[in-house]
Structure formats: structure tokens, C-alpha cells
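Chains A and B are the protein sequences, given in the same order. So the first sequence is numbered by our numbering: it starts at 1 and just counts up by one. So the second sequence is numbered by our numbering: it starts at 1001 and just counts up by one.
A couple of the hints might just be wrong.
[Stated by the list, open to error] Result set (DSS-like, lysine-lysine): computed pairs, CA atoms no more than 30 Å apart in a straight line:
(1) A:Lys-5 / B:Lys-1020
(2) A:Lys-5 / B:Lys-1256
(3) B:Lys-1224 / B:Lys-1204
(4) A:Lys-5 / B:Lys-1012
(5) B:Lys-1268 / A:Lys-35
(6) B:Lys-1152 / B:Lys-1244
(7) B:Lys-1268 / B:Lys-1256
(8) B:Lys-1256 / B:Lys-1236
(9) B:Lys-1222 / B:Lys-1247
(10) B:Lys-1222 / A:Lys-35
(11) B:Lys-1222 / B:Lys-1152
(12) B:Lys-1222 / B:Lys-1204
(13) B:Lys-1236 / B:Lys-1224
(14) B:Lys-1244 / A:Lys-39
(15) B:Lys-1204 / B:Lys-1268
(16) B:Lys-1247 / A:Lys-35
(17) A:Lys-26 / B:Lys-1204
(18) B:Lys-1247 / A:Lys-26
(19) B:Lys-1268 / B:Lys-1222
(20) B:Lys-1268 / B:Lys-1152
(21) B:Lys-1152 / B:Lys-1256
(22) B:Lys-1204 / A:Lys-35
(23) A:Lys-26 / B:Lys-1268
(24) B:Lys-1224 / B:Lys-1254
(25) A:Lys-35 / A:Lys-5
(26) B:Lys-1012 / A:Lys-35
(27) B:Lys-1247 / B:Lys-1236
(28) A:Lys-39 / B:Lys-1012
(29) A:Lys-26 / B:Lys-1254
(30) B:Lys-1256 / B:Lys-1225
(31) B:Lys-1152 / A:Lys-26
(32) A:Lys-39 / B:Lys-1225
(33) B:Lys-1224 / A:Lys-35
(34) A:Lys-5 / B:Lys-1225
[As the list claims (entries may be wrong)] So the derived list for chain A, only partly shown, Cβ under 7 Å to chain B, looks like this:
(35) Trp-13
(36) Gly-18
(37) Ala-22
(38) Lys-26
(39) Cys-44
(40) Cys-47
Keep in mind that the hints were calculated from the coordinates and are not lab data. Ideal placement from N, C-alpha and C gives every residue a C-beta, glycine not left out.
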Amino acid sequence: MVSNKRLVINTAWCKGCGICAAFCPKGALEIVDEKSRRKEGTDCILCGMCELRCPDYAIYIEESEEEAGDQWVRSY
Amino acid sequence: MVNTADVRPKTKQMSNLVYKYMRPEHLPHIWCPGCGNGIIMRDVAQAIENLGLSRNNTIIVSGIGCSSRAAGYLDFNTIHTTHGRAIAFATGIKLANPTLEVIVIAGDGDISAIGGNHLIHAARRNIGITVVVMNNNIYGMTGGQYSPTTPKGAFGTTAPYGNIDRSFDIAGLAYGAGASFAARGSAYHVQQTINIIQEGIRHKGFSLIDVASVCPTYYGRKNKKGSAVDMLTWQKENMIPVEKAEKMTRQELKGKLVLGIINQTQYKEFTFAYEEMIRRLFEEREKDE
Chain A
1 MVSNKRLVIN
11 TAWCKGCGIC
21 AAFCPKGALE
31 IVDEKSRRKE
41 GTDCILCGMC
51 ELRCPDYAIY
61 IEESEEEAGD
71 QWVRSY
Chain B
1001 MVNTADVRPK
1011 TKQMSNLVYK
1021 YMRPEHLPHI
1031 WCPGCGNGII
1041 MRDVAQAIEN
1051 LGLSRNNTII
1061 VSGIGCSSRA
1071 AGYLDFNTIH
1081 TTHGRAIAFA
1091 TGIKLANPTL
1101 EVIVIAGDGD
1111 ISAIGGNHLI
1121 HAARRNIGIT
1131 VVVMNNNIYG
1141 MTGGQYSPTT
1151 PKGAFGTTAP
1161 YGNIDRSFDI
1171 AGLAYGAGAS
1181 FAARGSAYHV
1191 QQTINIIQEG
1201 IRHKGFSLID
1211 VASVCPTYYG
1221 RKNKKGSAVD
1231 MLTWQKENMI
1241 PVEKAEKMTR
1251 QELKGKLVLG
1261 IINQTQYKEF
1271 TFAYEEMIRR
1281 LFEEREKDE
């Protein structure tokens, strides 16, 4: 996927409420060990619905100059 | 004035909006997992970003309570005031400098119980401030006591057998008191709420936006409403746009919430009328001399 957008999950801020996973239109997120993460084998369309509803600002779409390439999901 | 951009962390691990309008050194916030207040605070920041307001010209005023911590997290000129008096402080700020954009963020108990009188008289006066109410139907910070917006029959720490009183409809209360802009948003309907807050800020006169929040820790647990996800799903299924609600009967609307701008009218704004009077009196005095 060639895009300069990527999905970022800041696990340090994530409180695991599950809102992002519940309202993701593609079902592309899951909660494991009280943290949000990308679900294997699903498509993220970078719509940003998770960013709009995350009460903790722990998940968002980042746009950068360089191409995201394979590294399009980053978590820390 | 200290430019807060200089003291901010250099490694950015948050979205541009959060980095620009919030104080990252105070994040993550202390609200519970799934608390709707975080979503609503982001809505306010997004509305301000969309309107392109200057950080220096915008004042965030808050009272006491969970919701009122927003003044500590948002990076504007902010003031965290005494319980219920946020509107009183905001009135003073607006009158001292009418060019400022004054936004009050308050909770349902703060605005309709402790500060109820300030609310109705600011609405009647039509002073140009914007009030965003984070309405979670309970006093969350102090441990789940019932508030004026707790529905009849719902449970709280101080209502172990169910609440006897009927609840306040804050948007309706403001409309009745003469607010020229009264609307309702919700934590679930993010895009609509951002648009409504934008309209409210742009409106010349008193605007009140009652935003339905969720409190999974106290209200949700006491009333067996489930998790934050369940409570947001309730909002998704039970909030009706105002255009559709107009065609429905009172019976059909029972237990539902109306979403959207409930009333918008134009009256003369208070600070404008006040300055007009000062100008008139000066002119009269000059004529006499």
C-alpha cells in the first residue's frame, strides 16, 4: 500500500476502553491485554473514525512527507 | 507571555490537533477508561481549529467537576474557577474585552444545580459566550451522587432505591430562559457535535450546547448500562435528529434524545447593547456641553 498516511497507536496512553474497536467500520482493531492493536487479516482504510472517538487521543492517523510503505502501523 | 510551544516535548507522539491545542505535559488525562469527556474535549478543539480562532484570543473557562478539568488540558488562556460560577467569570471576561471568544466548559451538575441561576440569567441576558455542557447524568468526581439530569428512577450513590425527581433537559431549560442558541450533541455523534459547537461559537449571543457524555464508571455501573461501548451504542440508537423529531409525537419521543440545533434566533447581544448605551450617553453629554 503506497500512502503517506499511517495509523499510529500510542499504547502508553491507551486505556483499553474498546471504543475504537467497537466503532471501526472495518473491524480492523482489537483489544488485547487492555490495549488496542491492529487485527491480523483485516483491512484498515485509514478513515480516522477511531481517532474521532478515542477519548484518550491514543490512536490517530498520521500524515508524513515520506511514504509509509510497510511501516504503516506504528505503535509505541 | 510564555510561548508554550517552546517548553513542549520535542518527540511528538500525538496527533497534530492534540499537539497544537492541548498541553501534552498533562496528558494522558485522568478521566476513566471510556469517559465521554475526552471525546467532547477533542470536539471543542476541532471546532476551534475549523473556525481558525487564534489561541491568544480564545478563553476557556471551567468550573468544578470531571468535565472542568478540560481547562487544564486545553492550551488556551484558561481559567479554572469555583463551583458553578464558570458563567459568572466568563461574563466578567467577556464584558472586560468583548473581542475575546469565551468558551465555558462545564458539567451538568456544575451548570444546572450549583450554577443554575447563572445559567438562566446569562441566557436571558444573551451575552455572547458559548457554553459546552458535558452531560454525564451524574456527579462523577465526587462518587456518583444523583444530579439534576439523572433520569427519574435511575440509581446513584445517594439514590439507592431510584431517583424520585424528574430530570432537567438543559438545552430546553436554556431555550426557556431565552438563550438565542440551544442545541444538543453527543459523544457518539462526533461530526454533528463538532458542527454544532462551530455554529455555537459563530453565533452572536448566548449559545448553549448540551452534549450527552457517558460515565461508565458511576452512571453505567450503578444503572447496569454496561461498558462505554454499550452506552455509546445507546446514543447511536436513541438519539433522533431534530428534523425527524419534529414529525414525531410526544409518545414516540419518550426515552429518546433530540440531536441538533433546537433553537436559533437573533437578539441583540449584551456587550454590543452595553457599548451602544455608553456611546449614546457620551453623545448626549457632548450635545449638552
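Here is what the structure says about each hint:
1. Of the supplied pair hints, the one linking Lys-5 of chain A and Lys-1020 of chain B holds, its CA atoms being roughly 19 Å apart against a limit of 30 Å.
2. Distance hint between Lys-5 of chain A and Lys-1256 of chain B is unfulfilled; the C-alpha atoms sit about 39 Å from each other, more than 30 Å.
3. Using a Cα cut-off of 30 Å, the hinted pair Lys-1224 of chain B and Lys-1204 of chain B is violated, with the two alpha carbons roughly 41 Å apart.
4. Restraint check for Lys-5 of chain A and Lys-1012 of chain B: satisfied, since their Cα atoms lie roughly 16 Å apart, inside the 30 Å limit.
5. Taking the CA atoms of Lys-1268 of chain B and Lys-35 of chain A, the gap is about 51 Å. The hint is violated against a cut of 30 Å.
6. Of the supplied pair hints, the one linking Lys-1152 of chain B and Lys-1244 of chain B holds, its CA atoms being roughly 25 Å apart against a limit of 30 Å.
7. Restraint check for Lys-1268 of chain B and Lys-1256 of chain B: the C-alpha separation of about 33 Å exceeds 30 Å, so the hint is violated.
8. Taken as a hint, the Lys-1256 of chain B and Lys-1236 of chain B pair is honoured in the structure, with Cα atoms around 11 Å apart against an allowance of 30 Å.
9. Proximity of Lys-1222 of chain B to Lys-1247 of chain B is assessed by CA-CA distance (about 34 Å); at most 30 Å being required, the pair is judged violated.
10. A distance of roughly 25 Å separates the Cα atoms of Lys-1222 of chain B and Lys-35 of chain A; the hinted pair therefore holds under the 30 Å criterion.
11. Distance check on the hinted pair: Lys-1222 of chain B and Lys-1152 of chain B sit about 14 Å apart at the alpha-carbon level, within 30 Å; holds.
12. Between the alpha carbons of Lys-1222 of chain B and Lys-1204 of chain B the distance comes to roughly 40 Å, so the proposed pair goes past 30 Å and is violated.
13. With a C-alpha separation of about 18 Å, the suggested pair Lys-1236 of chain B and Lys-1224 of chain B falls inside the 30 Å cut-off, and the hint holds.
14. Our distance criterion of 30 Å between C-alpha atoms is broken by Lys-1244 of chain B and Lys-39 of chain A, whose separation comes to about 37 Å.
15. Among the hinted pairs, Lys-1204 of chain B with Lys-1268 of chain B is consistent with the structure: their alpha-carbon atoms are about 8 Å apart, no more than 30 Å.
16. Between Lys-1247 of chain B and Lys-35 of chain A the alpha-carbon distance is near 43 Å, which puts this suggested pair outside the 30 Å criterion.
17. Distance check on the hinted pair: Lys-26 of chain A and Lys-1204 of chain B sit about 41 Å apart at the alpha-carbon level, beyond 30 Å; violated.
18. Using a Cα cut-off of 30 Å, the hinted pair Lys-1247 of chain B and Lys-26 of chain A is violated, with the two alpha carbons roughly 34 Å apart.
19. Of the supplied pair hints, the one linking Lys-1268 of chain B and Lys-1222 of chain B is violated, its CA atoms being roughly 44 Å apart against a limit of 30 Å.
20. A C-alpha spacing of about 37 Å is found between Lys-1268 of chain B and Lys-1152 of chain B, which places the hinted pair above 30 Å, so the restraint is violated.
21. For the hint linking Lys-1152 of chain B to Lys-1256 of chain B, the alpha-carbon distance of about 14 Å falls within 30 Å, and the restraint holds.
22. A distance of roughly 43 Å separates the Cα atoms of Lys-1204 of chain B and Lys-35 of chain A; the hinted pair therefore is violated under the 30 Å criterion.
23. With a CA separation close to 48 Å, the supplied pair Lys-26 of chain A and Lys-1268 of chain B exceeds the 30 Å bound.
24. As the CA atoms of Lys-1224 of chain B and Lys-1254 of chain B are separated by approximately 20 Å, the hinted pair is consistent with the 30 Å bound.
25. Taking the CA atoms of Lys-35 of chain A and Lys-5 of chain A, the gap is near 22 Å; set against the 30 Å cutoff, the hint holds.
26. A C-alpha spacing of about 20 Å is found between Lys-1012 of chain B and Lys-35 of chain A, which places the hinted pair at or below 30 Å, so the restraint holds.
27. Taken as a hint, the Lys-1247 of chain B and Lys-1236 of chain B pair is honoured in the structure, with Cα atoms around 19 Å apart against an allowance of 30 Å.
28. Annotation: proposed proximity of Lys-39 of chain A to Lys-1012 of chain B holds, straight-line Cα distance about 25 Å (limit 30 Å).
29. A hinted pair counts as satisfied when its Cα atoms are at most 30 Å apart, and Lys-26 of chain A with Lys-1254 of chain B does not qualify at roughly 33 Å.
30. Between Lys-1256 of chain B and Lys-1225 of chain B the alpha-carbon distance is near 15 Å, which keeps this suggested pair within the 30 Å criterion.
31. Between Lys-1152 of chain B and Lys-26 of chain A, the direct Cα distance comes to roughly 38 Å. Violation of the 30 Å bound is thereby established for this hinted pair.
32. A distance of roughly 27 Å separates the Cα atoms of Lys-39 of chain A and Lys-1225 of chain B; the hinted pair therefore holds under the 30 Å criterion.
33. For the hint pairing Lys-1224 of chain B with Lys-35 of chain A, the CA-to-CA distance comes to about 24 Å; that is within 30 Å, so the pair holds.
34. Distance restraint check for Lys-5 of chain A and Lys-1225 of chain B: the Cα-Cα separation of roughly 37 Å exceeds the 30 Å cut-off, and the hinted pair is therefore not satisfied.
35. Restraint check, Trp-13 of chain A versus chain B: the minimum CB separation of about 4 Å is within 7 Å; hint holds.
36. Of the supplied interface hints, the one on Gly-18 of chain A holds, with its beta-carbon coming within about 5 Å of a beta-carbon of chain B, less than 7 Å.
37. Of the supplied interface hints, the one on Ala-22 of chain A holds, with its beta-carbon coming within about 4 Å of a beta-carbon of chain B, less than 7 Å.
38. Below 7 Å, beta-carbon pairs count as interface contacts, and Lys-26 of chain A has none with chain B, the closest being about 17 Å; its hint is therefore violated.
39. A least Cβ separation of about 16 Å between Cys-44 of chain A and chain B goes past the 7 Å threshold, and the interface hint is therefore violated.
40. A distance limit of 7 Å between C-beta atoms decides the matter here; for Cys-47 of chain A the minimum to chain B is near 12 Å, and the interface restraint is violated.
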